[in-house]
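Colleague: Now for the letters of each chain:
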Amino acid sequence: MSETEINNNITALFNPETVAVIGASESPRKLGYHVMKSLTDGGFEGRIVPVNPGSTEIMGIPSSPSIDAFPDPIDLAIVVVPAQVVPKIFEECERKAIKGVVLITAGFKEIDDPSGDQQQMALAKIALKAGIMVLGPNTFGMVNLHKNLNASFTPDFSSAKKGGVSLVSQSGGVSHLLAFMAMRQGVGLSKVVGLGNRLNVDFAEILPYLMEDAETKVMVFYLEGLDDPRRLMTAAKANKGKKPVIAIKTGNSKTGDKASLSHTGSMAGNHKIYEGAFRQAGILHADSIESALDLAQALVICPPPKDNRIAVLTAQAGPGIAACDVCEAMGLEIHPFKPETQAIINKLLPPLAIRTNPVDMGPVWLDPLSINNIIETVMEDSTIDGIILLTTYASANLELLANISDLLIKWNQRKPLITCLASPPGVWDREVADLEKTGAIFNLPTPERTAKAMAGLCSYGVLARERD
Amino acid sequence: MDIIDKAIKEGRNALSEHESKELLRRYDIPVTREIETADEKEILTAVNKIGYPLVMKACAPDLSHKTERGLVRVDIRNEEEALSAFREMMEEVKDDGATVLVQEMVKGSRELVVGLTRDSQFGPCVMFGLGGIFTEVLKDVSFRVAPIEKRDALEMMQEIKARKILGAIRGMPAADLDRLADILIKIGNIGLEEESIQEIDINPLILSNSQPIAVDALVVLNP
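Protein chains in written order, with our numbering: chain V, 2 to 469; chain W, 25 to 247.
Keep in mind that the hints were calculated from the coordinates and are not lab data. None of the values given here were measured: they were computed from a predicted structure. Warning: the hint list may mix true and false statements.
Dumping the calculated DSS-like pairs for lysine-lysine here, alpha-carbon to alpha-carbon at most 30 Å [claimed, not checked]: (1) V:K273 <-> V:K339; (2) W:K174 <-> V:K244; (3) W:K163 <-> W:K185; (4) W:K30 <-> V:K273; (5) W:K174 <-> V:K307; (6) V:K339 <-> W:K188; (7) W:K210 <-> W:K90; (8) V:K38 <-> V:K97; (9) W:K210 <-> V:K241.
Input sequences plus hints: build the corresponding full structure.
Modeller: Here it is, written out as C-alpha cells:
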C-alpha cells in the first residue's frame, strides 16, 4: 500500500458511515455486548450492523447472520469473535471491500504459544493483499469523539469532553488510565486509539494521519517497545514542529539488551537511546503519564513561548520558590525584568519581600489594584516569554480571583500563562472552572507541575520556530 | 576495510588498540601518535621519534584490565625507563602475543568518551559523555541514532550534566565543539558503513587544550 492509500484507509477507518460488529451479543458477559453498547450509547449517527449467525436482532437493531449476507457497503468492522474464526472474517471483509477493521480479539502475537505469532502473520498477509488497515489485534478499540464513534468495549469513553488531544497507546490499560485522567481533569479529547499488537497500523502510520486530522491538535503516545523504531522517527521527523507529539516510554528498567564488551554498549540502556531518538525526531519526551497529559493540555490552551525567559508571580513566597527550582532544573530562565517594569513593581510593592523575578506579591495581597497592575506590567514586559502565576487561598483573600479574572480574560493567553490557584475543596472551584472555560488560564494543582508544563511548552516552541 | 577483514579472518571479535586507532585515523578522527613494536631493538628509535615524556602500553586485541595489570606506563622520561617498561610489560604479556605501543603523552585533564553501539532495534547509535573512570561511575552520557547531523552532535554535548567542562574553565580554553561534532558525526558514519562493527569505545578522548584526541580506543566486531 502506498502512503496515500494507507492515509486514506486510516481516515476511512476513523470516519465510517456504516459500522458492523462481528460477534455482537445481547449478553453482558461478552465483549460483543459492550461494543454494541459503546456504539449505541455513544450516539453514533451512522448505521450500526450487529453481525451474529444466531440472532435476527441485537439491542433492538436488526442483525445480519454474516458480513456476506448484508446487502449494503460496510466501512468499518469491529471484530470480537474468537481468534480461530478471525481469518475467515478477514476473507469476508476482503470480499466486502471493507478497508477498516478494529480487531479486539486477543490470542495472537501476545501469547506465549508461537502459533499466535504465526496466526498474526497470516492475518497480516490477508490484510496487505486486501488493503485493510487493522487496529489490533488485542486492542480495546478506538474512539473518535468528534464523530460520536465509540468503537471500543468501554462505553464510558463517550462521555469524555471533545477536544484536541489524541491519545495513542500500545497498552489498553494505559489508554484507559490516560482517558480517565483526561476526563477527570477536563482535558478535551479527539481520538483514543489502542494499537494493540499493531498488525499493520503502528505509531509510524497513525502519526501522519493525525498530523493531517483537523481535530487533533496534540498527540500523546504511550510506547513500551517498537520492532522498528526508525520508522516512527522518520515519520516524526518529516512532520517536526507541525503539531506537538508527546511520548511516554516505559520499560526503562531493562539495561542493555546484550552482554557488552565496551562501555558504550553497557551504557546504552534502551531508555537513553529512545530519549536521544525522540529529540532527534522532534518528539517531546514526558517522564510520566501525568506530565504528558499536563503538557498536552498546556499545548492546547497556551501558545508556545518565544523563548525561555519566565516570570514567576506569586502571592506566597514558598510556592514561588518551588516553581523556580523546577524552572531552573529544566533549563528555563527566571529572567530579570526590564528596568521600566521593575520600577513600576517597586512603586507598587513595599520593600518587604522579593520584588525582582520571582515577585512575591504578598505585601499587596489585599490590594486588587496593585495586584492587577503588577501582573499586567509583567505581561507586557517584552523580555518575558511566559508567566507562572501562583496563589493559595486564605480566608482574607477570598476575593482575589474575582479581582484578577477580568485581566486574565482580557490577556487571553497572548503569552503563555500557567497558574496554580490552590484552594480547599468548594472554594474558588467555580471561579477557576469559569476562567478555564474561557481559555484564559491553564490551572494545575502544584507549582512544580506548572513549571514542568512551561518547560514542555518552551521545548515545543523551539521545534515550531524551526519549522517556520 | 582491510583491518576488519584481517581480524575477522583470524577469528577475533575485537581490534587491538593500535588497529582501532588506525581505523579511526582513516576516518579523520584525531588519534595519538604512536609506534607499535615487539622488538626491543626498535624501542630506542621509537621513543626518539615520539619524544619524551611518553606513554608505553601493551597492545593486543583481547587485552583487558590493562591498568590493573600494570600494562600502561605513563610519563616515561628517558631510555632507561623506556627499556625497563618494555621488558616488564613483555614479561607480563608474553603468553598473549602482545606488542608494545610507544605513544605520545597527551596533556589535558578533561577526559571524554565517544562511542558507537549497534542496538538491536535502532541499529548504530552514537554516544557522547564524560570519560575516564567517570564513565562507569556517573554514566553521564547521551545518545543519538546514526546518522547524526551537526545540531544533534551539539545537542548531545549540551545534554550531559558535566557540559561545563567543554567551556573555558580554570584557565583551560573552550573545547573545539566543531571538531567534537565532526568526530561524533564520523563515528555514526562508521557505524553505517562498517556493518561488522558492533561497538566502538574511544575512552578517553582527551581535550589537549581545545583539541580532542583519541588516547585509547576499542573496536568490537560482530563477524
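Colleague: Is the straight-line distance between the alpha-carbon of W:K210 and that of V:K241 30 Å or less?
Modeller: holds (25 Å)
Colleague: Sort out whether V:K339 lies within 30 Å of V:K273, counting only the CA atoms.
Modeller: Not OK: V:K273 and V:K339 at ~40 Å, beyond 30 Å, violated.
Colleague: Between the alpha carbons of W:K174 and V:K307, is the straight-line distance 30 Å or under?
Modeller: Distance ~24 Å between W:K174 and V:K307 Cα, so the pair holds.
Colleague: With a cut-off of 30 Å on the C-alpha distance, tell me whether W:K30 and V:K273 pass.
Modeller: Roughly 33 Å between the alpha carbons, so the hint for W:K30 and V:K273 is violated.
Colleague: Compare the distance between the alpha carbons of V:K339 and W:K188 with 30 Å, and conclude whether the hinted pair is satisfied.
Modeller: holds (28 Å)
Colleague: Take the C-alpha atoms of W:K163 and W:K185, compute the straight-line distance between them, and say whether it is at most 30 Å.
Modeller: Holds - the C-alpha atoms of W:K185 and W:K163 are around 10 Å apart, at most 30 Å.
Colleague: Holds or violated: are the alpha carbons of V:K38 and V:K97 at most 30 Å from each other?
Modeller: Holds: V:K38 and V:K97 sit about 25 Å apart, inside 30 Å.
Colleague: Checking one constraint from the list: CA of W:K210 to CA of W:K90, max 30 Å. Satisfied?
Modeller: holds (27 Å)
Colleague: Holds or violated: W:K174 with V:K244, Cα cutoff 30 Å?
Modeller: holds (24 Å)
Checked against the numbered hints above, the structure violates hints 1, 4; every other hint is satisfied.
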